[in-house]
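Student: Respectively, the protein sequence lines represent chains X and H. With the working numbering applied, the first sequence has no gaps in its numbers, which climb one by one up to 197 at the end. With the working numbering applied, the second sequence has no gaps in its numbers, which climb one by one up to 387 at the end.
Only true hints are included.
Partial list, derived from the structure: chain H residues whose beta carbon lies under 10 Å from chain X: (1) 6; (2) 11; (3) 13; (4) 14; (5) 15; (6) 16; (7) 17; (8) 18; (9) 19; (10) 21; (11) 30; (12) 31; (13) 32; (14) 33; (15) 34; (16) 35.
From the derived model, a few chain H residues whose C-beta atoms are all more than 12 Å from chain X: (17) 133; (18) 149; (19) 156; (20) 161; (21) 163; (22) 167; (23) 179; (24) 189; (25) 202; (26) 209; (27) 257; (28) 282.
Honestly, the hints are just simulated from the structure, not real lab data. Just so it is clear, CB atoms sit at the ideal spot from N, CA and C, and this is done for glycine as well.
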Amino acid sequence: MNQAEREAFLEFASARTPALMRMAGALTGDRHTAEDLVQSGMEKAVRRWRRIDDPEAYVRRVIFHEYVSWWRRALRRPERLTADLPDRALPGDHAADVALRHEVQRALRQLAPRQRAVIVLRYLEDRSEQDVARFLGCSVSTVSSQLSRALTRLRTLCPELDGSAPELASIPRRSGRDQDR
Amino acid sequence: MTRIDDTVRHAVHGLADQFSSPADPPASLGQRALTAVSRKRRRALVGIPTAVVAVGAVVAAVVVAIPENPFPELRQPLAAAPDTPVTEAPKRYVVASYTADYTGRRYVLDPSTSTYRKASRQPVATSPNLRYALLGGLSDPTPDREKITYTIEDTTTGRTVYEVELGVYPTASWSPDGRWIAFANSTGPNMEERHIDEVRLLDVTTGDTCTLDLEPDGATATELLSWSADSKSLFFAADSTGDEKITRNAHVRLFVDGTVKVLRGDWPLDHRVNSVMAGTNHALLLPSSDERGDWIILDLATGKVVDRYRPAVSRPGHPGAEGAWGVLNGDQLITVKGTDVLATDARTGTSKRVAILPETAVAITLAPAPKSAKSPAAVFSLDGK
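Input sequences plus hints: build the corresponding full structure.
Tutor: Put into structure tokens, the structure is as follows:
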């Protein structure tokens, strides 16, 4: 890697690290693990800098594949068991929407890695199921079933999702790239 | 757009936002990546005590010549062990790797020629002498009717010598003495709650199979983890999805005669899943993948902790991150930190670098090298596909 390539890489890293950290953070729920994943993706990008056309797409792909890799899945148990459940908002509480969001975030941390990857690709990156399938290298039906199972699991872990919560303001749908910029 | 879609979207964005301003300046991860890569390249130029065998552009193997006795103390019995590991530690291992092209290609290496062949299915295990490879693949992916076909192929000729179609038995492991292949089932209402309640044993010397049931003893498990060194028992972790009676502090040991032992102890919860057999009567328990904690040696006869220590390598993981691991024998582990391959003394946690992986490695596994092989072999896969 020559000096110009180093500068180009560092410019890319500086510009895109926050977006990549958002995605890795949503996947892992842990800053250190997210940084590990982003740095790992960037190391691989450094090694192939001359051969990759779209470094960000490449790094994102590395991050997702490493996150859901069987090696990590076999050794996974990122969730922490806790003796005390957090307080839940009472019906009618004006802070209920915030509490609900926190409940869902807590539930997200308990999903299996592939389910969580599908959720992040679908809801953070706004990718279609076809796109998610291509990205993860599996069938569309697998993505559908994973998404369905993930949402079912979220409903189980967070019963408020099924109606008692107040309506939340909708987030405008944008492309995954644009929302990070 | 339904309410649940909106809520989940809102929550995921909120979660992501918590990570959008890293504590360090944004460029630091990039700078750290550059530094890490250049440091590894410098190390590679200095030279390492290994022979590196590059096999084509796609797959590479690193033959690790482990000194005859890298950790003299390891050859001594564990302090509290009533019986010691029966296997003699092989002197050479192979670390084979798969490239990071993410195409999902799998290869089996023919030890007689040191060449790789593309595998027709997912490589799952190799026989201890590396002559045969167990391959598996979904033959009927219909939900609720999933069937997996396993084949045993001769790694030299590619000839299929055995084929069997099973239900959902997604995990398999070959015993150290080569006689048994254990197929663990996976049952449950969904992915999260799937568990093992049955193991099918194939006697490869006769072709006979038998089914061992864990449930009569109230035992369920999550992962088929490892064989004992004497090939007489399998060791599982019991998980919170299992029977309430063993949801905490439990492991399951299943013997080939069908005996089941549920083991309870005072080891930390985080350690219960990342555990492997060590020798014939001990287990090594490691902290979960994002924990930094002690490694624990457990006496399986008494369920008591006989030793614990803080290892030099903090946590298991995978190449490119921080520390994949594999079991070399009852006492030694191979750990990977970045692209460094470390031989780690399971008793003390001290590590010694024995190789550097190819930069493209994303997954590794280990196998002892047979004396007859010109170049030892291993089976590699990517992403469990």
